[in-house]
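*Asks:* Since chain A is already given, all that's left is putting chain B on it; use the hints.
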Amino acid sequence: MNRLEVRHLSTFFDTDEGLIRSVADVSFAIRAGKTTAIVGESGSGKSVTSLTLMRLLPRTATTQVSGQALFVNRAGETLDLLTLPEPRMRALRGNEVAMIFQEPMTSLNPVFTVGEQIAESLRLHRGLDRGAALAQALRMLEMVEIPAAAQRLHEYPHQLSGGMRQRVMIALAMACEPTLLIADEPTTALDVTIQAQILALMRRLQTQTGMSILFITHNLGVVAHHADDVAVMYAGRIVEAAPVRPLFAIPEHPYTQGLLACLPSKAHVAGQPRPKRLFAIRGQVSSPLSPPPGCAFEPRCDQAQVLCTQAMPALVDTSALRQARCVRVPAAEVSKAA
Amino acid sequence: MQATPTNAAAQVPLIEVRHIKRYFGAKDKPVRAVDDVSFAIRRGETLGLVGESGSGKSTIGRTVLRLLECTAGQVLYRGEDIAALSNQHMRKLRSKLQIIFQDPYASLNPKMRISAILGEALATHGLHQGKGEQDKRIAELLETVGLRPELASRFPHEFSGGQRQRIGVARALAVEPEFIVADEPLSALDVSIQSQVINLLADLRERLNLTMLFISHDLDVVEYLCDRVVVLYLGRVMEVAPTAELFERPLHPYTQALLAASPKPDPLIENVAVPLKGDIPSPMAPPSGCVFRTRCPQAIDACAQTLPPLDEISPGRFSACIRKDLLIAAAA
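Protein chains in written order, with the numbering used here: chain A, 307 to 644; chain B, 333 to 664.
Here chain A stands alone, though its shape is the one from the complex:
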């Protein structure tokens, strides 16, 4: 069963300099109980995708959102997150669909204690009174393994380390037992040993609660060990989608191939001398205001042909579970189950 099915999502910003297509025609699904990772670099549109799904884009932005985000709630109803009336969306947000962000210092309110912030969510969505909400907040802090939780309950975010704050964020997000957790670069700002703790915690919580996770990151090491399915984004579009092992074993899109090839750890082949040069993708991503005429990746692609400058390739099925957006990868005849 798919917990979330995104179909042809687009988010355009109408700016003074022109129309910026931050997210263009993005489609993917997140299975119940599984983790889907969206991988991309700067300008890929991965963060805007998650903000669009949560309807958290700034209200002042002149945004044009189209497409569908079909979410199956606890009652088994299918709701389109993009067209829900705001009061219903607010009832879902922080409740069935929760989000954690990259910078825990800026996403936790500095003038409220961590206990009060977790309690706020419980009081809003579960109707608990202050005492009961704080008691549950304490249980949440213990669940995310914060030592001396009873004391921390009454502390402010600035009194906690980065790793602790991220645990508080997770406790806050998990308080109402979401079925979908959106994690936008949750460990990027953390030290390596703390990152390992947080990732292990998230995996444990997923096993316990059966929630789905949409994991947004640029770190391929994290993707390799914490994702079930992967969607690679480039310049606002999905360029490849596959289950994690096939993606790493046989990347189909030249961008994915390049991304994996340029990792320093890939350069180290045991028994052979260290290569003098790493593989590098030449150039940089084009400005969203002046996209290339055809495929967005074509200017940087070693395998580009004339055809690539003529039109944006479609995202096609290349096998039962895989898709790629590249003229070089043949589409397969795949019968879709109803």
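By construction, these hints were calculated from the structure, which means they are not laboratory data.
Heads up, the beta-carbon is just placed ideally off N, CA and C, and yes, glycines get one too.
Misleading hints may appear alongside valid ones.
Here are the computed distance ranges between Cβ atoms for each label pair [said to hold, decoys possible]:
no. : chain 1 : residue 1 : chain 2 : residue 2 : range
1   : A       : 339       : B       : 489       : 24 to 34 Å
2   : A       : 436       : B       : 661       : 46 to 56 Å
3   : B       : 403       : A       : 416       : 45 to 55 Å
4   : B       : 343       : A       : 461       : 48 to 58 Å
5   : B       : 636       : A       : 411       : 27 to 37 Å
Simulated crosslink set (DSS-like; lysine-lysine; CA at most 30 Å straight-line) [claimed, not checked]:
no. : chain 1 : residue 1 : chain 2 : residue 2
6   : A       : 582       : B       : 609
7   : A       : 340       : B       : 609
8   : A       : 572       : B       : 596
9   : B       : 596       : A       : 582
10  : A       : 340       : B       : 596
*Replies:* Relative to chain A, chain B alone:
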């Protein structure tokens, strides 16, 4: 090619730090950012400085260049204590010792064109004087780092992060240094841009015979670029080893945990390591004895009482851990 140095000169490391300490803040309860660190860097070598928050790696980088003064200890350049140098002498020396910063957005003056930024470096050290000479050198520098010389008339905000970092490299190279401190030069860059800058640094290092102190938390990059590695935790050295040996067979429990915690981008490699518990302690209140003991899976009572000395376990391999029994068990 340089003339072959005499034997005596060849023995003296280019850069050496001896028992340096750098404390910040109150005298009674200071932040012990760097607490007794010693290492040497030979001419032509790239030494990696690895650690997490509070390890002291960035502070060490700045102390080596005398951008910060040591609270104690010595920094030697070719055997000479640079703290003893006059301001005038130090200024001359600075053309030999340069730095590339982490944040390509903060380290370039937004109000100066690239030509002015690079020109300032040249003018400060009286190099390539005269507009014609200077312009020629600036064009050369930009080409060296893979940027078109016409871009010299632009402002930093007109460049991407990767390009700005290249400009930072150009600025460091402008004054023909012998030694460069690279303080997390890749952290702010996308993965696909990182490999471009890594290649650039490796090329330049070879062409210009540069000596480097490479500060990073990214172990994969350190493994690729560095000859030897110093592993730091809470201001102290945990382990020193040649790169290949460190990654193949880390001796210190902290190094082992650090390596295990970095996920390899290969789903087929099992990630079975148990993450370290707890947080990094505050450098204002470091644990007694071994500073790592509060999170160390191998800690015993004695670890709280003894400050483990940095022992040479085998030639070139140092580890600060009293549990020699673990090394014997591992070798068995």
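*Asks:* Confirm or reject the claim that residue 339(A) and residue 489(B) have a C-beta distance inside 24 to 34 Å.
*Replies:* violated, 45 Å
*Asks:* CA of residue 340(A) to CA of residue 609(B), is that 30 Å or under?
*Replies:* At roughly 26 Å apart (the allowed maximum being 30 Å), residue 609(B) and residue 340(A) satisfy the hint.
*Asks:* Range hint 27 to 37 Å: satisfied by the CB atoms of residue 636(B) and residue 411(A)?
*Replies:* holds, 33 Å
*Asks:* Can the suggested window of 45 to 55 Å be confirmed for the beta-carbon pair residue 403(B) and residue 416(A)?
*Replies:* Since residue 403(B) and residue 416(A) have Cβ atoms about 33 Å apart, the given range 45 to 55 Å is violated.
*Asks:* Hint check: residue 596(B) vs residue 582(A), CA-CA at most 30 Å. Holds or violated?
*Replies:* holds, 21 Å
*Asks:* Should the hint that residue 436(A) and residue 661(B) are 46 to 56 Å apart at their CB atoms be regarded as holding?
*Replies:* holds, 55 Å
*Asks:* Is residue 340(A) within 30 Å of residue 596(B), Cα to Cα?
*Replies:* Holds, because 21 Å separates the two Cα atoms, which is no more than 30 Å.
*Asks:* What's the verdict on residue 572(A) and residue 596(B), does the C-alpha distance respect the 30 Å limit or exceed it?
*Replies:* holds, 9 Å
*Asks:* That 48 to 58 Å hint for residue 343(B) and residue 461(A) (C-beta), does it hold up?
*Replies:* About 54 Å separates the Cβ atoms of residue 343(B) and residue 461(A), which means 48 to 58 Å holds.
*Asks:* Take a quick look at whether residue 582(A) and residue 609(B) sit within 30 Å of each other, Cα to Cα.
*Replies:* Distance ~38 Å between residue 582(A) and residue 609(B) Cα, so the pair is violated.
Going down the numbered hints, you'll see the structure goes against 1, 3 and 6, while the others check out.
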